[in-house]
Amino acid sequence: MSEEIPVNELSQLLDTVSEKIPRMIKDIMISFYSEESGKQVGKAIAAMYKELVDSGIPADEALKMAKDYLNTIKDVIPKNFGN
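At position 42 of the sequence shown the residue is numbered 42 (this note's numbering), and the sequence of numbers has no breaks.
The set of hints was computed from the structure by calculation and includes no laboratory data. Treat the hints with care, since some could be wrong.
Claimed, not checked - Here are the in silico distance ranges between beta carbons for each label pair:
#1 R23 to K74: 17 to 27 Å
#2 G42 to L10: 41 to 51 Å
#3 Y69 to M24: 22 to 32 Å
#4 V7 to K64: 56 to 66 Å
#5 D75 to E51: 18 to 28 Å
#6 E4 to D75: 45 to 55 Å
#7 L70 to K20: 25 to 35 Å
#8 K26 to D75: 12 to 22 Å
#9 E35 to V7: 42 to 52 Å
#10 K26 to E3: 34 to 44 Å
#11 E3 to D68: 51 to 61 Å
#12 M29 to D68: 16 to 26 Å
#13 A59 to S31: 27 to 37 Å
#14 M48 to L10: 44 to 54 Å
In this text, all values refer to a predicted model and were calculated from it rather than measured experimentally. Beta carbons: idealized from backbone N, C-alpha and C, even for Gly.
Hey, can you work out the whole structure from these sequences and the hints?
Structure representation (structure tokens):
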């Protein structure tokens, strides 16, 4: 029993994927750096800071933790999605 590889179909599939993947990555990157995304990140970090302070963490330590969190986010995006 011989199975043939559908070379033409495979080639078409790879062509389609090679066209769509870069566009998808670009769209993802744009969404990370959009004004709306920036606002959401700012709100999330502010809420984190407030929660830490409200929980009894000293303000200077809460600020350091919030900055570390933001830096982690800033490091993760380029490492996983490129610049």
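Practice problem: Tell me, in ascending order, the numbers of any earlier hints that this structure violates. | Solution: No numbers; nothing is violated.
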